[in-house]
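Protein chains in written order, with the working numbering: chain A, 1 to 127; chain B, 1 to 127.
Any given hint could be a false lead.
What follows is a list of derived Cβ distance ranges for each label pair [claimed, not checked]:
#1 E125/A with S3/B: 17 to 23 Å
#2 S18/B with A65/A: 21 to 27 Å
#3 G38/A with T108/B: 22 to 28 Å
#4 A36/B with G38/A: 35 to 41 Å
#5 G89/B with L124/A: 40 to 46 Å
I should point out that these hints are in silico values taken from the structure, not numbers from a laboratory. All residues carry an ideal CB built from backbone N, CA and C; glycine is no exception.
Chain by chain, the residues:
2 protein chains.
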Amino acid sequence: MTSLGRHILAEFGGCEASRLADLELVRASMLEAVRASGATIITHSFHHFASQDGGAGVSGAVIIAESHLAIHTWPEHRFAALDFFTCGGGVDVRKALDHLKAAFHAETEELLELERGPLRVGELESR
Amino acid sequence: MTSLGRHILAEFGGCEASRLADLELVRASMLEAVRASGATIITHSFHHFASQDGGAGVSGAVIIAESHLAIHTWPEHRFAALDFFTCGGGVDVRKALDHLKAAFHAETEELLELERGPLRVGELESR
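Chain A with its partners taken away, still in its complex shape (with noise of 0.2 Å):
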C-alpha cells in the first residue's frame, strides 16, 4: 500500500517566551493556523503545562478531520515542539506552520516529515 498519512514534526526556537505561555494566544494561533491550512476542525484541547525545571508551557491539540496538530511549548526555553499529522491531500501545513512561527515570533525552525502507514522518515531540516 502507499502512505496512508503524512506527520510533519516542526520545532520553533528563539520564540517570544510570553506568547508561548499564554494559553489562550496559543490556543487561538493553533485554531487560525488550522483554519490557515485548509483542514477542517472537529474538536480542541488545551491547558497550561508544568514543566520540570518550573516553567508553564501550554500544551493542545488541535483533532481535524483530516487527523491532528498537536503542540508543547517551553517558555523558559523559549521553545515549541508540533506535530502535525494529515491524511489525505488538500492541507497546507506550510501555511499552518508560517502562521505560527509569526505568532510566536520565532527565529528558527527544525522540520522533519514522515510518511505513516508504513513509517518512513525523511530529512532533518534547518532554517
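Model the placement of chain B on the given structure of chain A, informed by the hints.
Leaving out everything else, chain B in the frame of chain A:
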C-alpha cells in the same frame, strides 16, 4: 540543553478491523493504555474519521499532564498509527503500547523513537 521530550511513533499492522472501527473500544483502550503507562489524563477527544478510500476509522487524542497520546486507525488496512509524546520520566510508554497491541489484536509493530527539543531521530524498529 538536553532533550525536553521523547516522541514515540508506533504503527500496528494486522489488527482486527472491527476493533479499529469501534469508537468506544478505541477510546476505552487508549484511556486504559495511558493509565497503564502511569501518565495523568487531562482530557481526551475521539471521533469517527472517513478515509479517502471509504473506510471509517477512529481519530483521537488524549492530552496528558506529560504531553499527549494520539491515534488514527484504518480498519480497511487493519492498521493503526500512534504517537506518544512524553516529557519527564515516570511514563512507561512500552506498557501503553503493549496494552493497545493486545486491545487491537495487532500482529506487527513498527516503532520510531525521537527526541524533541532538539529533534533527533532514532532507529526504526520492527517486531
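Against the structure, the hints come out as follows:
no.	hint	result
1	E125/A with S3/B: 17 to 23 Å	holds, 19 Å
2	S18/B with A65/A: 21 to 27 Å	holds, 23 Å
3	G38/A with T108/B: 22 to 28 Å	violated, 33 Å
4	A36/B with G38/A: 35 to 41 Å	holds, 37 Å
5	G89/B with L124/A: 40 to 46 Å	violated, 26 Å
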